[in-house]
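Line order of the protein sequences matches chains A and B.
Every letter in the first sequence is one number past the one before it in my numbering, and letter 198, counting from 1, is 198.
Every letter in the second sequence is one number past the one before it in my numbering, and letter 2, counting from 1, is 2.
Treat the hints loosely; a few may be bogus.
Label-pair restraints from in silico Cβ distances [what the hints assert, rightly or not]:
{"#": "1", "chain 1": "A", "residue 1": "304", "chain 2": "B", "residue 2": "103", "range": "53 to 63 angstroms"}
{"#": "2", "chain 1": "A", "residue 1": "151", "chain 2": "B", "residue 2": "89", "range": "26 to 36 angstroms"}
{"#": "3", "chain 1": "B", "residue 1": "168", "chain 2": "A", "residue 2": "28", "range": "29 to 39 angstroms"}
{"#": "4", "chain 1": "A", "residue 1": "21", "chain 2": "B", "residue 2": "258", "range": "32 to 42 angstroms"}
{"#": "5", "chain 1": "A", "residue 1": "70", "chain 2": "B", "residue 2": "182", "range": "17 to 27 angstroms"}
{"#": "6", "chain 1": "A", "residue 1": "70", "chain 2": "B", "residue 2": "93", "range": "34 to 44 angstroms"}
{"#": "7", "chain 1": "A", "residue 1": "314", "chain 2": "B", "residue 2": "103", "range": "50 to 60 angstroms"}
{"#": "8", "chain 1": "B", "residue 1": "112", "chain 2": "A", "residue 2": "27", "range": "55 to 65 angstroms"}
{"#": "9", "chain 1": "A", "residue 1": "70", "chain 2": "B", "residue 2": "85", "range": "25 to 35 angstroms"}
{"#": "10", "chain 1": "A", "residue 1": "314", "chain 2": "B", "residue 2": "261", "range": "54 to 64 angstroms"}
Per the computed footprint, the stretches of chain B lying under chain A, defined by three or more beta-carbons under 8 angstroms from a beta-carbon of chain A, are [claimed, not checked]:
{"#": "11", "segment": "160 to 174"}
{"#": "12", "segment": "185 to 194"}
Hints listed in this document are in silico derivations from the structure and should not be mistaken for laboratory results.
Beta carbons are placed, not taken as given, at the ideal position from N, Cα and C, and that holds for glycine.
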Amino acid sequence: MTTVELRNVHKTFGQTLALADFSLSIASGELVCLLGPSGCGKTTALRILAGFERADGGTVTIDGTDISSDPPERRGFGMVFQDYSLFPNMTARQNIEFGLKVQRRSADERAEIVDRMIDVTALGEHASKFPHQLSGGQKQRVALARAIATSPRVLLLDEPLSALDAKVRESLRDEIRRLQLEIGVTTIFVTHDQHEALAISDRVGVMSDGRLEQLAPPRELYESPANAFVASFIGTANRVPASPDAGGRWRVLGRSVEGVGTVGSAPVVAVVRPEQIAVERTGPGRIMTTSFLGPITRLGIADPEVGEVIADVMSVDADGLRPGDDVRIRLRDDVERTLILKGDTHER
Amino acid sequence: MKSSRAMSILKWAFLVLIAMYFAVPMLAMARFAFQNVPTVLLTSDTLLTGWSLGGLWSALSNPKVVSATWISLWIAVFAIAMNFLLLVPLAIVTEVRSPRMRPVLTALTLVPWVVPPVALVVGVSATFRAAAPWFLANTLCLVPFYALWAMPFTYRVLDNGLQAMGARTLFEAARGLGAPLWTVILRVIMPNMRAALVAAAMLTTALVLGEYAFASLLLKSTLPTQMLVYAGGDPRGGLALALFVLVVTAVCLGIVVRLMRKRGVSLPTTGF
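Whenever a hint applies, use it, and build me the whole structure from the sequences.
The structure is reproduced here in structure tokens:
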């Protein structure tokens, strides 16, 4: 049972602001992803948690205890790095055992735990290999086993999958989530890959410029982004004109919808996802591009009133659609609310 | 097409020329040192006659040469120890704590090469002759000079070793697992620095076995100075000895290159 809290954490590197008044609270056993473009401060937040960086201000607490000034070796966290950082002079087994040796566990206990770790990470045949004899995915599994062998209070993962190729990345991603749920360790996962974040998190914290823009479950983040930055960072977002309708509602692509997150003043745009757009086969718009993506087909459409939009339609419905075809776009009937942006329609 | 062939011929001609520039004097030295034939008769007719290692054996069995060799080797050992004690902690702290200081330190460790040996020796002897005359009386007073002289590449080799293993994240990984500072250094960092340490030691040894200026200026009997003295009485033996030391040094450096390659460090990046 471990809860983690960062409260009003502030950090600058020289002139560069890394974290501005950053607060984050994570419940016991939860997996939270910190997601954002490079330089948004997500890694800094993780390193402050781990104790590798000292915050300029604010506190880090674990189960209510302030650990802001504890050195990393006294925090009892497990950490996995992007570049594996396995000890090159030790075998996979010795790497996993290292933390247990440091904890002065008995030889029997160490052997038992290491065997179990090798088992859950399916490293059996590689246990006696040295890091340079392992593939990237295997290395990262060793690193993961090493990090959880010591039963850490909190597991920290710093872009653990970024150095791996797509296929390995996906399977290891699921493996991390499975293990995390199995041992119930509170986990913070830093990534710049939204698919990764959406796929495995209980909640995702979207960051930009050292600030937490929104912290929410993946689905909420996608369906109700708090602002323009989150809307455009998660998934694909079309910005289409919106006009006020009766009862405080908004008119978007020919339908009346509820608006969320209105800020500033006119002009007004609505954020609409590609799959929220329905395409009819005649109309003023014109298909510019089509890309077949398997179950869906992505259409680039130029509309004289709306401008350029991207629409995803089921591939079975897109049969025969070609660039140059005339189409009409409208909001799908099942869309009930959209993010409305007023005034500054640029990001942030 | 034509011009590229001409370039290729030119390239080879140039290479052969350079090889000859080194090889011809070496061959001449080897013939003089190892052929028991009067100098005037060293022509193409006598290319295969009278080869012998006699000169080298007698040089190697000369007690003065032997003791000078031991002195040189001990100086090398102490110089290596001194540099390691000084530079290993410095390199580790720089890499792990303040990598931004690295260029500054690299520049600082190059300073000894800016000061010519003569200036260094004169300066030091002027200071120490007054303050601590016993210091310059001892042959081992050469140790700090050689340590200083070997400092630039010792530091760079160590620094390269640390960077090649990714010392910074290894340090963090180990500390994150609860290891105290000393455990990290002894169990993680040092075992992975072995190749760099051997390389630095070899380079320092090669330097000490070939350095003449410091020893001569301070009137000490080391292998290089003794070699010159010996050559005065037995030119053939002296030259044979010089060639022998050259080969040993070359083998040492060859081992260094091998070790560095094995660790994924290419020598050009070390600056040599």
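Now the hints, each set against the structure:
1. A:304 <-> B:103: 53 to 63 angstroms: 59 angstroms, holds
2. A:151 <-> B:89: 26 to 36 angstroms: 34 angstroms, holds
3. B:168 <-> A:28: 29 to 39 angstroms: 32 angstroms, holds
4. A:21 <-> B:258: 32 to 42 angstroms: 55 angstroms, violated
5. A:70 <-> B:182: 17 to 27 angstroms: 19 angstroms, holds
6. A:70 <-> B:93: 34 to 44 angstroms: 21 angstroms, violated
7. A:314 <-> B:103: 50 to 60 angstroms: Given range 50 to 60 angstroms: holds, Cβ gap about 58 angstroms.
8. B:112 <-> A:27: 55 to 65 angstroms: 59 angstroms, holds
9. A:70 <-> B:85: 25 to 35 angstroms: 32 angstroms, holds
10. A:314 <-> B:261: 54 to 64 angstroms: Between residue 314 of chain A and residue 261 of chain B, where Cβ atoms are some 57 angstroms apart, the hint holds.
11. 160 to 174: Coverage by chain A holds for the segment 160 to 174 of chain B (7 residues, Cβ < 8 angstroms).
12. 185 to 194: Holds, because 4 residues of the segment 185 to 194 of chain B bring their Cβ atoms closer than 8 angstroms to Cβ atoms of chain A.
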